[in-house]
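Under the numbering used here, the first residue of the sequence shown is numbered 62, with each subsequent residue one higher.
These are calculated hints, taken from the structure and not from any lab test.
Remember, it's a predicted structure, so these values are computed and weren't measured experimentally.
As a list, the in silico SDA-like pairs of lysine to any residue whose alpha-carbon atoms are at most 25 Å apart:
id, residue 1, residue 2
1, Lys73, Arg111
2, Lys73, Arg85
3, Lys73, Tyr95
4, Lys73, Phe101
5, Lys73, Ile87
6, Lys73, Ser98
7, Lys73, Met62
8, Lys73, Leu89
9, Lys73, Met90
10, Lys73, Gly102
11, Lys73, Ala84
12, Lys73, Val99
13, Lys73, Gly92
14, Lys73, Ser96
15, Lys73, Ala86
16, Lys73, Tyr100
17, Lys73, Asn91
18, Lys73, Val63
19, Lys73, Thr93
20, Lys73, Ser97
21, Lys73, Thr94
22, Lys73, Trp88
23, Lys73, Ile110
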Amino acid sequence: MVGSGDFNGDNKPDILWQNSSGARAIWLMNGTTYSSSVYFGTVATSWNIRNY
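Please work from the sequences and hints to get the whole structure.
This is the structure we're talking about:
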C-alpha cells in the first residue's frame, strides 16, 4: 500500500497500491468493502508516488 485518499469524490477513503514490479492501482472502497479498481499499468520502479 502506497497511500490512501478519496480518489473518486465519494467522501470515502480509497487505497493506492504499488507492487515491486511497478504496477499501480487504486482500489475504490465503500467503507471497509472493496468496490472496484482502476489499473494504471506498470512504470519504472524508480518512479515514486509523492504526497499530492
